[in-house]
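Visitor: Given next are the chains, with one letter for each unit.
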Amino acid sequence: MSQLVLHSDDFETAVRRVRDLRPLVHCMTNDVVQEITANVLLAAGASPAMVVAKQEAGVFASLAQALLVNVGTLTDTLVSAMRDAIESANRHGKPWVLDPVGAGGLAYRDGVVAEFLTLKPTVVRGNASEILAISGHGSGGKGVDSTDSSESALSAAVHLAKTFGTVVCVTGQTDYVTDGERIVAVTGGTERATLVVGTGCSLSTLVAAFLAANDDPVTACAAACTMAKRAAEYADKHSVGPGSFKVAYIDGLSLI
Amino acid sequence: MSQLVLHSDDFETAVRRVRDLRPLVHCMTNDVVQEITANVLLAAGASPAMVVAKQEAGVFASLAQALLVNVGTLTDTLVSAMRDAIESANRHGKPWVLDPVGAGGLAYRDGVVAEFLTLKPTVVRGNASEILAISGHGSGGKGVDSTDSSESALSAAVHLAKTFGTVVCVTGQTDYVTDGERIVAVTGGTERATLVVGTGCSLSTLVAAFLAANDDPVTACAAACTMAKRAAEYADKHSVGPGSFKVAYIDGLSLI
Amino acid sequence: MSQLVLHSDDFETAVRRVRDLRPLVHCMTNDVVQEITANVLLAAGASPAMVVAKQEAGVFASLAQALLVNVGTLTDTLVSAMRDAIESANRHGKPWVLDPVGAGGLAYRDGVVAEFLTLKPTVVRGNASEILAISGHGSGGKGVDSTDSSESALSAAVHLAKTFGTVVCVTGQTDYVTDGERIVAVTGGTERATLVVGTGCSLSTLVAAFLAANDDPVTACAAACTMAKRAAEYADKHSVGPGSFKVAYIDGLSLI
Chain A
0 MSQLVLHSDD FETAVRRVRD LRPLVHCMTN DVVQEITANV LLAAGASPAM VVAKQEAGVF
60 ASLAQALLVN VGTLTDTLVS AMRDAIESAN RHGKPWVLDP VGAGGLAYRD GVVAEFLTLK
120 PTVVRGNASE ILAISGHGSG GKGVDSTDSS ESALSAAVHL AKTFGTVVCV TGQTDYVTDG
180 ERIVAVTGGT ERATLVVGTG CSLSTLVAAF LAANDDPVTA CAAACTMAKR AAEYADKHSV
240 GPGSFKVAYI DGLSLI
Chain B
0 MSQLVLHSDD FETAVRRVRD LRPLVHCMTN DVVQEITANV LLAAGASPAM VVAKQEAGVF
60 ASLAQALLVN VGTLTDTLVS AMRDAIESAN RHGKPWVLDP VGAGGLAYRD GVVAEFLTLK
120 PTVVRGNASE ILAISGHGSG GKGVDSTDSS ESALSAAVHL AKTFGTVVCV TGQTDYVTDG
180 ERIVAVTGGT ERATLVVGTG CSLSTLVAAF LAANDDPVTA CAAACTMAKR AAEYADKHSV
240 GPGSFKVAYI DGLSLI
Chain C
0 MSQLVLHSDD FETAVRRVRD LRPLVHCMTN DVVQEITANV LLAAGASPAM VVAKQEAGVF
60 ASLAQALLVN VGTLTDTLVS AMRDAIESAN RHGKPWVLDP VGAGGLAYRD GVVAEFLTLK
120 PTVVRGNASE ILAISGHGSG GKGVDSTDSS ESALSAAVHL AKTFGTVVCV TGQTDYVTDG
180 ERIVAVTGGT ERATLVVGTG CSLSTLVAAF LAANDDPVTA CAAACTMAKR AAEYADKHSV
240 GPGSFKVAYI DGLSLI
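Residue numbers (numbering that gives the first Met the number 0), protein chains in the order written: chain A, 0 to 255; chain B, 0 to 255; chain C, 0 to 255.
These are calculated hints, taken from the structure and not from any lab test.
Each residue gets a CB set at the ideal place from its N, CA and C atoms; glycine is no exception.
Please note: incorrect hints may appear among the correct ones.
To be verified - The list that follows gives simulated cross-link-like pairs (lysine-lysine, DSS-like), each with its CA atoms no further than 30 Å apart:
id: 1; chain 1: A; residue 1: Lys53; chain 2: A; residue 2: Lys119
id: 2; chain 1: C; residue 1: Lys53; chain 2: A; residue 2: Lys53
id: 3; chain 1: C; residue 1: Lys119; chain 2: C; residue 2: Lys53
id: 4; chain 1: B; residue 1: Lys53; chain 2: A; residue 2: Lys53
id: 5; chain 1: B; residue 1: Lys161; chain 2: B; residue 2: Lys228
id: 6; chain 1: A; residue 1: Lys53; chain 2: B; residue 2: Lys119
id: 7; chain 1: A; residue 1: Lys119; chain 2: C; residue 2: Lys53
id: 8; chain 1: B; residue 1: Lys53; chain 2: C; residue 2: Lys53
id: 9; chain 1: C; residue 1: Lys236; chain 2: B; residue 2: Lys228
id: 10; chain 1: A; residue 1: Lys236; chain 2: C; residue 2: Lys236
id: 11; chain 1: B; residue 1: Lys119; chain 2: B; residue 2: Lys53
id: 12; chain 1: C; residue 1: Lys119; chain 2: C; residue 2: Lys228
id: 13; chain 1: B; residue 1: Lys119; chain 2: B; residue 2: Lys228
id: 14; chain 1: C; residue 1: Lys228; chain 2: C; residue 2: Lys161
id: 15; chain 1: B; residue 1: Lys236; chain 2: A; residue 2: Lys236
id: 16; chain 1: A; residue 1: Lys228; chain 2: A; residue 2: Lys119
id: 17; chain 1: C; residue 1: Lys119; chain 2: C; residue 2: Lys161
id: 18; chain 1: A; residue 1: Lys161; chain 2: A; residue 2: Lys228
id: 19; chain 1: A; residue 1: Lys161; chain 2: A; residue 2: Lys119
id: 20; chain 1: A; residue 1: Lys236; chain 2: C; residue 2: Lys228
id: 21; chain 1: B; residue 1: Lys236; chain 2: A; residue 2: Lys228
id: 22; chain 1: B; residue 1: Lys53; chain 2: C; residue 2: Lys119
id: 23; chain 1: B; residue 1: Lys161; chain 2: B; residue 2: Lys119
id: 24; chain 1: C; residue 1: Lys236; chain 2: B; residue 2: Lys236
Said to hold, decoys possible - Between beta-carbon pairs, the in silico distance windows are:
id: 25; chain 1: B; residue 1: Glu86; chain 2: C; residue 2: Leu20; range: 44 to 52 Å
id: 26; chain 1: A; residue 1: Glu150; chain 2: C; residue 2: His91; range: 31 to 39 Å
id: 27; chain 1: B; residue 1: His91; chain 2: A; residue 2: Ala106; range: 42 to 50 Å
id: 28; chain 1: B; residue 1: Ser7; chain 2: C; residue 2: Val239; range: 17 to 25 Å
id: 29; chain 1: B; residue 1: Arg15; chain 2: C; residue 2: Leu254; range: 31 to 39 Å
If we strip away everything but chain A, and leave its shape as in the complex, we get (with noise of 0.2 Å):
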């Protein structure tokens, strides 16, 4: 399969499109990252909300633009409420990210990912070793770093993309967005962004952002990768470090 990029356009109008529409994007994602979670929502332009009771995860699911599912730190409870926020995306046809943290070594989160990928995610995202991991050819991960490469995952996303008819971007230093026909592949950014928590499962959020205000799943996760990497590439710029890399990520994602 050939690669494609993105074209600035379409990243440009995608943009515009979050920004207009200022989607809510219901965020059911892990203790680590909430707060830098929502500030890359408003950065962007969107409107993030967390809700995670089993009273409530259902209904706000039909009321929010988009809905973003990380397993990172699961517990029965709130499984059992993604469970009510998936059901009730699908039924009100909103779109939803499934981030598969950690995948691959770990049999209760294994499980629940394994059993959520059936759910019809429009959009899974992960880094190699957790693709790999789900596609069943993964040797595990470092914990919830990868130690694999996008590129060694790629095969493994087109055939996850095909089998369970939903788009797989993998991330790492080139980014892949794969529906099983087409791959895009977004360059740029930096690693020192591994370095900084939350700015993987953040783009996952980015991505439930995207998929609420542009119609192709594909296109719409390529951009929101194009996003992180030119915030990333800001940040770079106008840092000495990892914590002013944070800062300047935030800053970089609100200046684009």
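Assemble the complex: chain A is given as a structure, and chains B and C must be docked to it using the hints.
Guide: Here is chains B and C on its own, set in the frame of chain A:
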């Protein structure tokens, strides 16, 4: 009702009292704003403690000098612990603040907020959509962000204050504080603060700190709002986007 | 007992070992400091993973290279998962650190800390009020902030180390590390670090990372304290308030 303003002498006295007392504030808040809430209190000169266990919340509310209850991310267990803390605060004469995050639209939290309102919070602090919602006049906000101006919620705030015998603080471009008799208006600040998650939630905790150190709740509340607006003005001058705004906001609180 | 200091060669060796190994640290910590804990580990050259599910904690403690247990915001479920993780760490010979946040005054956490102390933590890291409390000599701190100097807790620390066969690290203006035989004193840093939430909690995790990469726990612990103090000195020079202090502290860790 004519609108009053807080004299700068009264503001400075209120701030000095917080810094002299360094009140211990018991924070029961949502998953997203834990860190910024603690850092806002520390920067302002208070001492935060996030104690949420059912086994600890009641006891700790009697040891602390003020309590914050924020309903952003509830669970049944947390609600039960909050009830214990509120009852203990009331029994020991400690002031407490209710932040009805996202009220209006989700039955579970609306029910919890309605119950807590009857437990005599010293102050209720919310955005316009939230205050309209809990007074029964809401059209529904957008998730946790306000879609109404604070002016539009002013008569609802006065009504709420009279009905429940509480002080109501509705924040926005202008912040209003009312006990149903007096209205104090606090101007200044910048809309840019709404692009940083937790500036509203952490203001509610700041109100709790000011209540612990100052006798009149209207003055305490207006002083906390003034401090937040001054810090936001400092941040407005010392930032290029929401990442650096947040950093400068915390700096600004400590420099006042 | 005479007080030793850590030689700068030993410090540099200890830091290099962390960066060479890039240890995976299993963090079970409180709700407030999740993000700063992860970012401190990443900046220092380690790899954090926050795995807290009852179904995962035991397995993951055997995969990770060190474990942190912080009792700041407990629930019964979390305590049960912590027990599994501690047992697994002990069975697989992995070092683990106990951070008794807020010990002294709340029966529930004091009971949990007393139990965990008998499970042979490699290191116990706390402020003076906490170390005094768990050795039975406390007058009670102020929430989670210390009201005692580290000197005042030194003999309690030595006693605790002998009683439980552990290394005790009491931090403050001077940090002390003792195994009951030796005392290493670490000076420097700045009191301004206490105005940023999580500088203490994340130091405990840094200790875990150093334990994973270095054989002698006293040296590992003193090296982690030294790294934190150096980063705080860097931050002291590159900040105007606690907001920018936190950013510079993370930067400083990465620049050492």
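Visitor: Run every hint past the structure and note whether it holds.
Guide: The hints, checked one at a time:
For the proposed pair Lys53 of chain A and Lys119 of chain A, the alpha carbon gap of about 21 Å is at most 30 Å, so the pair holds. Restraint check: the Cα-Cα separation between Lys53 of chain C and Lys53 of chain A comes to about 19 Å, which is no more than 30 Å; the hinted pair holds. About 21 Å separates the Cα atoms of Lys119 of chain C and Lys53 of chain C, which keeps this hinted pair within 30 Å; it holds. Of the pairs offered as hints, the one joining Lys53 of chain B and Lys53 of chain A holds, with about 19 Å between alpha carbons and a cut-off of 30 Å not exceeded.
Restraint check: the Cα-Cα separation between Lys161 of chain B and Lys228 of chain B comes to about 26 Å, which is no more than 30 Å; the hinted pair holds. Distance restraint check for Lys53 of chain A and Lys119 of chain B: the Cα-Cα separation of roughly 27 Å lies within the 30 Å cut-off, and the hinted pair is therefore satisfied. The hinted pair formed by Lys119 of chain A and Lys53 of chain C meets the criterion: a straight-line CA distance of about 27 Å does not exceed 30 Å. Annotation: proposed proximity of Lys53 of chain B to Lys53 of chain C holds, straight-line Cα distance about 19 Å (limit 30 Å).
For the given pair, Lys236 of chain C sits about 27 Å from Lys228 of chain B by alpha-carbon distance, which is consistent with the 30 Å threshold. At roughly 21 Å between alpha-carbon atoms, Lys236 of chain A and Lys236 of chain C fall within 30 Å of each other, so this suggested pair holds. Of the pairs offered as hints, the one joining Lys119 of chain B and Lys53 of chain B holds, with about 21 Å between alpha carbons and a cut-off of 30 Å not exceeded. For the hint pairing Lys119 of chain C with Lys228 of chain C, the CA-to-CA distance comes to about 27 Å; that is within 30 Å, so the pair holds.
A C-alpha spacing of about 27 Å is found between Lys119 of chain B and Lys228 of chain B, which places the hinted pair at or below 30 Å, so the restraint holds. The hinted pair formed by Lys228 of chain C and Lys161 of chain C meets the criterion: a straight-line CA distance of about 26 Å does not exceed 30 Å. For a cut-off of 30 Å, the pair hint linking Lys236 of chain B to Lys236 of chain A stands: about 21 Å separates their Cα positions. Note on Lys228 of chain A and Lys119 of chain A: the hinted pairing holds, with a Cα-Cα distance of about 27 Å set against a maximum of 30 Å.
Pair hint Lys119 of chain C plus Lys161 of chain C holds up; C-alpha atoms about 12 Å apart against a cutoff of 30 Å. Proximity of Lys161 of chain A to Lys228 of chain A is assessed by CA-CA distance (about 26 Å); at most 30 Å being required, the pair is judged to hold. For the hint pairing Lys161 of chain A with Lys119 of chain A, the CA-to-CA distance comes to about 12 Å; that is within 30 Å, so the pair holds. A C-alpha spacing of about 27 Å is found between Lys236 of chain A and Lys228 of chain C, which places the hinted pair at or below 30 Å, so the restraint holds.
Note on Lys236 of chain B and Lys228 of chain A: the hinted pairing holds, with a Cα-Cα distance of about 27 Å set against a maximum of 30 Å. Proximity of Lys53 of chain B to Lys119 of chain C is assessed by CA-CA distance (about 27 Å); at most 30 Å being required, the pair is judged to hold. Of the supplied pair hints, the one linking Lys161 of chain B and Lys119 of chain B holds, its CA atoms being roughly 12 Å apart against a limit of 30 Å. At most 30 Å may separate the alpha-carbon atoms for a hinted pair to count; Lys236 of chain C and Lys236 of chain B meet this at roughly 21 Å.
Judged by the Cβ atoms, the range 44 to 52 Å given for Glu86 of chain B and Leu20 of chain C holds: they are separated by roughly 50 Å. At roughly 34 Å, the beta-carbon separation of Glu150 of chain A and His91 of chain C lies within the given 31 to 39 Å, and the hint holds. For the pair His91 of chain B and Ala106 of chain A, the supplied restraint of 42 to 50 Å holds, since their beta-carbon distance comes to about 47 Å. Taken as a hint, the range 17 to 25 Å holds for the pair Ser7 of chain B and Val239 of chain C, whose Cβ atoms sit roughly 23 Å apart.
Hint check: Arg15 of chain B to Leu254 of chain C, Cβ distance near 38 Å, so the stated range 31 to 39 Å holds.
The structure is consistent with each of the numbered hints, conforming to all of them.
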